[in-house]
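The lines below spell out each chain.
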Amino acid sequence: MSEILIKNASVCDPVQGINCETMDICIRDGKIVESVSGNAKVIDAEGRLTMAGGFDGHTHSAGKINVGRFINPNDARRNLVPGLSGQVARTEKTRAQVGYNTPNTYAIGYRYAKLGYTTICEAAIPLLAARHTHEEFKEIPILDKMGLSLFGSNWQVMEYIRDKEPEKLAAYVAWGLRASRGYGVKIVNPGGGEAWGWGRNVSGLYDPVPNFDVTPAEILLGLAEANERLQLPHSVHVHCNNLGKPGNYATTIETMKLFEKVKPSRDRQALHVTHVQFNAYAGTSWRDFETGAPMVADYINGADHLTFDLGQVIFGPAVTMTADGPVEYANARMLHEKWSNQDIELEDASGVVPLFYSPKSFVNAVQWAIGLELALLVKDPWKVMFTTDSPNGGSFVNYPEAFTYLMSAKRREEVISDFSKMALDRMVLPGIDRELDFYELAIMTRSTQSKMYSRPEKGNLKVGSDADIAIYDILPGQIDPSTEYVKVKTAFSGAAYTLKDGEIVVKDGEIEATPKGKIYWVNAKVPANIDSAMQKDIDIKFRKYYTVSKANYMVEDVYLQNPVEIATEGVF
Amino acid sequence: MLVIKDAVCSLCGSLCDDITVTVEDNKITKIENACILGRSKFVGMLEHDRIETPMIRKDGKLAPVSYEEAIEAAAKILVNSRRTLSYGWCSTSCEAVSAAIQLAEETGSVIDSTANVCHGPTALAAQEKGSPSATLGEIKNRADLIIFWGCNPVHAHPRHMVRYSSFSKGLFTEKGRKGRTMIVVDVRKTDTAKLADKYVEIDQGSDLILVTALRSIINGHGDVIPEVIAGVPKAEVLELAETLKNAKFVCIFFGMGVTQSRSKYKNADAMSSLISDLNQHTKAVMIGMRGHYNVTGFGQVATWETGFPMAIDFARGYPYYNPGETGANDLLVREEPDAAIIAAADPGAHFPQKAVRHLARIPVIQIDPYPNPTTELADVVIPSAIVGIEAEGTAYRMDAISLRMKKLIDTKFKTDEEIVKDLATKVRELKRGA
Amino acid sequence: MQIVKLSLKKANKIPVEADNVNPNNFAGKTEEEIKAIPVWYGNGQCPLGDFFNVKVEGSDSAENTKIVFEGDVSRVKRIGQNMSAGEIEINGNVDMHCGFGMKGGKIVINGDADSWLGCEMTGGEIILNGNASYYVGAGYRGEACGMRGGKITVNGNARDYLGEHMCGGEILVKGNVGLLPAISNNGGKIVIEGNATMPASEMKNGTVIIKGETSDLLPSYKEEGTEEVEGITYRKFVGDVNVGGKGVLLIK
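Protein chains in written order, with numbering that gives the first Met the number 0: chain A, 0 to 571; chain B, 0 to 433; chain C, 0 to 251.
Accuracy of the hints is not assured; some may be wrong.
Said to hold, decoys possible - Derived BS3-like pairs: lysine-lysine, alpha-carbon spacing no greater than 30 angstroms straight-line:
(1) B:Lys-244 to C:Lys-221
(2) A:Lys-461 to A:Lys-30
(3) A:Lys-543 to B:Lys-247
(4) A:Lys-517 to B:Lys-420
(5) C:Lys-221 to A:Lys-359
(6) B:Lys-168 to B:Lys-4
(7) A:Lys-163 to B:Lys-168
The hints are simulated quantities; they were obtained by calculation from the structure and are not laboratory data.
With the hints as extra help, turn the sequences into a complete structure.
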């Protein structure tokens with residue numbers, strides 16, 4: 000029975016509506032409790048800013064990232080954020096670390112923890128390659144993990160939608176989540192992954208997928224229906240069609256509108272749209288390219304059925320990695336960069352392309368502005384999750400830098416002052432003086448995730464929640480983040496304390512302990528008869544088309560480290 | 000009697016997972032679906048001697064010792080070493096690889112895989128250009144043009160063509176072989192070439208020239224190519240380029256002919272560029288024909304744990320990577336290592352003379368199920384269980400898809416993973432004591 | 000003027016990593032201080048004095064500091080790494096990465112050099128009075144740019160991949176080179192007085208002049224007449240066509 004008493008914490012917990020109030024936090028056996036005994040170990044927070052551990056709900060940190068590491072050995076020595084990047088020798092407590100955009104697994108765990116983050120969600124798990132994701136998860140220390148399994152270009156999914164078999168579709172999604180030990184349904188460029196199997200793409204929501212006679216819109220709605228029938232903790236998580244194309248903001252709004260009719264079966268959004276920055280472009284080509292953020296934000300402000308995350312750009316080298324195969328090929332050709340591709344039989348595509356965001360490029364400057372415009376123009380911060388789509392927009396170790404953009408108009412002006420006139424003409428950011436405060440920042444980096452992913456014990460400091468806590472070296476009442484953004488960045492770059500399940504894992508920005516985190520996965524129950532009928536269909540797929548057997552496809556228990564099985568009951 | 004279905008074969012990079020194994024009295028008595036290579040792996044233990052007990056070389060001869068003595072002797076070698084080469088790790092599980100990497104990190108060793116003499120250049124090529132690939136099922140279901148370039152699957156990957164490529168049947172390839180064109184590019188007419196629709200014979204060491212010419216033609220610069228390219232007449236090269244462009248889905252499978260011939264990694268590098276250029280006209284991918292059943296796995300584990308797929312030097316406490324400087328043969332030929340630990344590979348048989356001679360001079364620890372030429376050089380020998388037969392573990396197929404190898408029979412032998420972990424524990428103990 | 004003379008006490012097989020050995024680090028230091036400078040030797044660090052006899056004459060700034068190695072240092076890597084001023088003279092063979100990341104100053108080697116001589120160099124000068132090995136003036140694995148500036152002169156032969164990924168600077172080889180010199184270049188100038196095989200593959204920009212025999216010119220270059228340089232007329236090739244290259248390849 001281990002007890003900790005955190006005294007004098009300036010608590011910022013939007014889930015409970017607490018805004019920088021000084022209070023104590025009691026911890027026993029890894030959970031937040033009402034009170035502790037006199038034997039508790041005392042941590043004096045000294046009035047410093049205290050939040051729940053950060054929750055990165057969309058990061059590429061296990062699986063596809065390995066291709067990024069593989070093709071960029073030069074990333075290993077990059078040390079653009081000292082203390083959070085570069086080659087670091089092993090110590091008594093820590094394994095050797097490398098990298099900046101594509102760090103090794105140990106570095107990922109340590110560096111997120113240093114930022115005060117305690118939970119991550121891998122953005123895309125291909126079903127056939129899920130075991131690989133879990134192998135990497137096992138080597139990421141400290142953090143709790145979950146992952147989103149890819150379904151959006153899957154043969155069985157498309158066939159069930161085409162043949163109007165919603166019950167079998169739900170059974171398949173449940174089975175796919177179990178096979179991959181996934182947490183939620185990920186849809187990337189719906190239908191496009193299959194088109195890319197022939198080097199093609201889909202051009203919009205109503206462009207039918209070659210050979211499968213379904214449209215992306217049907218795929219989205221079919222999977223949404225299955226998602227809600229299964230009462231999954233998260234909504235479908237969507238990377239829209241036409242990512243990266245000037246003019247795509249229209250597709251994004253169209254996609255969001257499509258979901259107006261979807262009724263969530265749980266107390267959360269019906270749709271989560273990811274890295275919207277990449278999908279909020281106006282113009283018709285790169286020449287007249289400009290921000291589409293105002294239009295998208297406008298729609299979101301009037302909608303109440305969705306959440307989204309930013310995909311904020313960070314200047315400097317980045318690595319794009321996504322299941323959107325056609326986008327990656329186009330990137331590589333346009334930017335003359337290395338191109339990796341891995342199409343997954345019957346399921347989806349993927350690509351990895353390193354690139355460089357430069358403030359001197361007007362396109363990159365506008366991309367940088369768009370992420371911030373979205374965050375600042377959307378009025379309700381509960382709709383917004385902060386991400387950089389790490390490392391697509393930039394490495395997660397830059398989150399503190401990005402926080403200063405959100406909290407300080409002055410800091411934004413500094414960056415903008417380097418932009419060309421052409422860039423300035425294409426963005427609206429210079430005209431925005433809204434500055435987020437710590438409360439809103441907390442919402443976007445931990446609180447909203449609690450509801451978004453239906454994880455009540457995460458992202459908040461309620462009694463009963465996991466004692467995943469971050470204490471930052473900031474006195475909220477005495478700092479003006481608008482002008483003192485350097486202090487803000489420093490404080491968020493190395494937590495004074497990070498606690499994971501009540502154990503001190505970071506102290507003064509250094510790793511103290513490296514416990515193993517948990518892996519959350521969803522086991523959705525489906526009636527036996529529907530499951531059997533679905534199994535017959537996929538047996539055919541395995542017999543005729545897959546190159547592995549069904550028995551060997553499922554991720555075995557041995558790959559799960561401290562698993563937490565979230566059971567749900569499908570409605571049939 | 001136990002019949003185990005869907006066992007995964009632990010011989011080559013095809014990682015066939017449809018093997019049916021019959022076990023009676025803890026012996027494998029029947030194997031179905033395996034090819035001749037796989038079969039030899041499964042029945043190997045019945046036909047070949049095992050290393051029966053741990054051994055230490057005393058007065059020039061290997062003498063049996065207890066496991067604990069062998070671990071202690073091996074640990075002492077590592078603790079007293081300034082530059083250990085840890086080599087092999089490809090005919091074993093990912094879990095063993097992970098343990099080996101941790102041991103190398105703690106002892107400041109250099110760790111490398113058999114890719115050093117095989118597909119290492121494929122990694123170097125990917126680091127220049129990326130890796131435009133797909134899983135094998137994409138080939139089975141879509142590819143109508145298959146090219147085997149510098150590889151000979153009839154002998155090296157016997158079931159590849161039936162399970163994944165030329166003869167396979169999928170959703171869009173119901174006609175199987177009849178609906179496909181198979182081309183072999185090589186320097187001699189191999190048995191695989193004999194099955195091809197077209198065999199293109201090129202001059203030795205001229206792969207880069209032919210790939211470059213194909214790129215030039217496909218990119219619309221046919222005017223710069225000479226009359227004879229790589230020993231092939233221009234008309235034939237033009238025709239080959241047309242065939243590539245007009246296919247619906249091209250896959251180039253490549254092997255040692257591409258990675259170990261003149262220009263080494265630049266061949267696969269140029270091939271990646273060719274694939275990228277081809278994708279302007281049609282769909283194209285390339286896949287390396289990995290040899291050992293888990294050399295891909297080593298690359299995967301090493302990459303996520305250290306950032307690099309092979310040739311990792313931990314001397315300075317963090318991983319440093321530079322093939323040509325930190326590769327197994329680079330070190331041995333320069334006589335750098337003062338100790339070596341070798342597992343799941345046989346450099347004694349496969350390495351250049353100069354490298355083997357150096358191995359003979361330094362203390363060598365061997366972990367392996369079977370005695371082989373490396374055993375003759377070893378000073379400490381520890382027998383291990385065979386992954387996929389006596390031990391479970393993860394392995395990665397040539398297309399980076401992982402599968403779990405099954406344990407089919409019980410054994411007295413410890414697994415590579417256990418041995419390496421015991422060794423690491425002993426090393427820590429000795430270091431603390433010192 | 001400060002002169003520091005170093006000679007190896009005993010030949011070593013395990014390489015010594017001498018990335019701390021450069022005029023910037025030695026300037027103004029005494030013999031004792033220099034002997035205490037740590038160098039990596041296998042999996043541990045040792046003071047430089049364990050390996051080298053050190054003699055120091057004078058004390059000066061980096062630009063006026065000269066380091067002289069007497070004898071073979073063929074297992075001492077990274078001599079002169081990141082130096083920005085001063086001089087190093089090596090009277091023997093030298094190991095890999097000599098002059099890695101050099102920014103200024105001068106290195107003269109009277110012997111042979113192992114691979115990666117002048118890797119990632121941005122300035123300064125290296126003169127090799129001997130033969131070079133692989134990757135002279137090249138870059139690190141995966142990087143788009145290798146050498147960006149400075150000059151390397153090889154008064155002997157060099158092996159494969161000379162100047163790979165060169166983005167600037169100059170390399171002159173008096174003898175022959177191996178395979179694929181000037182590969183993936185995007186700037187800079189390479190002059191080879193001897194023979195070369197498969198030069199300038201995927202060159203985007205830059206100039207390559209080969210005065211000897213060129214074997215196996217890759218079929219990705221367009222011949223465009225001739226060009227005269229210092230009185231010699233060369234066949235002029237422009238390419239690499241597959242990367243939209245405007246590199247100029249002049250061969251005899």
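For Lys-221 of chain C and Lys-359 of chain A, compute the direct alpha-carbon distance and say whether it is at most 30 angstroms. violated (34 angstroms)
With a cut-off of 30 angstroms on the C-alpha distance, tell me whether Lys-168 of chain B and Lys-4 of chain B pass. Between Lys-168 of chain B and Lys-4 of chain B the Cα gap is close to 22 angstroms, so the pair holds against 30 angstroms.
Are the Cα atoms of Lys-543 of chain A and Lys-247 of chain B separated by 30 angstroms or less? holds (21 angstroms)
Taking only the CA atoms, is the gap from Lys-517 of chain A to Lys-420 of chain B under or equal to 30 angstroms? holds (24 angstroms)
Check whether the Cα positions of Lys-163 of chain A and Lys-168 of chain B lie no farther apart than 30 angstroms. holds (28 angstroms)
Do the alpha carbons of Lys-461 of chain A and Lys-30 of chain A lie within 30 angstroms of each other, as the hint requires? holds (9 angstroms)
Between the alpha carbons of Lys-244 of chain B and Lys-221 of chain C, is the straight-line distance 30 angstroms or under? holds (23 angstroms)
This entry does not satisfy hint 5, going by the numbered hints stated previously; all others are met.
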